[in-house]
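Trainee: 141 is the number of the first residue of the sequence shown in my numbering; add one for each residue after it.
No wet-lab data here; the hints were simulated from the structure.
The beta-carbon is built from N, C-alpha and C at its ideal position, and this holds for glycine as well.
Any given hint could be a false lead.
Claimed, not checked - Taking lysine-lysine pairs in the DSS-like style, the calculated list, with each CA pair at most 27 angstroms apart, reads:
#, residue 1, residue 2
1, Lys180, Lys246
2, Lys241, Lys190
3, Lys241, Lys180
4, Lys196, Lys214
Stated by the list, open to error - Restraint ranges, calculated between C-beta atoms of paired labels, are given here:
#, residue 1, residue 2, range
5, Ala222, Thr158, 25 to 31 angstroms
6, Arg245, Lys159, 21 to 27 angstroms
7, Glu173, Lys214, 44 to 50 angstroms
8, Lys196, Tyr172, 35 to 41 angstroms
9, Glu215, Ala163, 38 to 44 angstroms
10, His194, Lys214, 18 to 24 angstroms
11, Lys190, Asn247, 27 to 33 angstroms
12, Leu161, Glu218, 36 to 42 angstroms
13, His194, Tyr172, 29 to 35 angstroms
14, Tyr243, Asn213, 38 to 44 angstroms
15, Lys180, Arg221, 27 to 33 angstroms
16, Lys241, Glu192, 16 to 22 angstroms
17, Gln184, Ala222, 17 to 23 angstroms
18, Gly166, Ala201, 45 to 51 angstroms
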Amino acid sequence: MSKLRRQISANTANVAETKDLNAIKGKTGNVYESIAIIAKRANQINISLKEELHNKLEEFASHTDSLEEIHENKEQIEISRAYERMPNPALLATQEFLDDKIYYRKNEDDLFS
141 MSKLRRQISA NTANVAETKD LNAIKGKTGN VYESIAIIAK RANQINISLK EELHNKLEEF
201 ASHTDSLEEI HENKEQIEIS RAYERMPNPA LLATQEFLDD KIYYRKNEDD LFS
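Modelling step: build the complete structure from the supplied sequences, incorporating the hints.
Mentor: Set out below in structure tokens:
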């Protein structure tokens, strides 16, 4: 089990909850900047989960699928269902942001001066 999947199963429920906007805004001073950071992290999580899922499902891939092989492959179905039950990457990223587990920096260089 990957480090990310262990973290996901231990920390986050698969339920959307309301979040305090002042807490989100308080991290950066700007709600939109905080949401942009969360969105970028959610994209990273989504990409890593998708790669992990494709690598696991690649083991079951055969180039000559018959109807019998499709119905017999219950392990592949269980892996797919496990990933479907995982929380949304945006929920995970928001929780990481609120727990100060995301490193971010603001580019202070003024490019147009």
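Trainee: Hint by hint, note whether the structure agrees.
Mentor: Evaluation of the provided hints:
no. : hint                                : in the structure
1   : Lys180 x Lys246                     : holds (14 angstroms)
2   : Lys241 x Lys190                     : holds (21 angstroms)
3   : Lys241 x Lys180                     : holds (14 angstroms)
4   : Lys196 x Lys214                     : holds (14 angstroms)
5   : Ala222 x Thr158: 25 to 31 angstroms : holds (27 angstroms)
6   : Arg245 x Lys159: 21 to 27 angstroms : holds (23 angstroms)
7   : Glu173 x Lys214: 44 to 50 angstroms : holds (46 angstroms)
8   : Lys196 x Tyr172: 35 to 41 angstroms : holds (36 angstroms)
9   : Glu215 x Ala163: 38 to 44 angstroms : holds (42 angstroms)
10  : His194 x Lys214: 18 to 24 angstroms : holds (19 angstroms)
11  : Lys190 x Asn247: 27 to 33 angstroms : holds (28 angstroms)
12  : Leu161 x Glu218: 36 to 42 angstroms : holds (39 angstroms)
13  : His194 x Tyr172: 29 to 35 angstroms : holds (33 angstroms)
14  : Tyr243 x Asn213: 38 to 44 angstroms : holds (40 angstroms)
15  : Lys180 x Arg221: 27 to 33 angstroms : holds (28 angstroms)
16  : Lys241 x Glu192: 16 to 22 angstroms : holds (19 angstroms)
17  : Gln184 x Ala222: 17 to 23 angstroms : holds (20 angstroms)
18  : Gly166 x Ala201: 45 to 51 angstroms : holds (47 angstroms)
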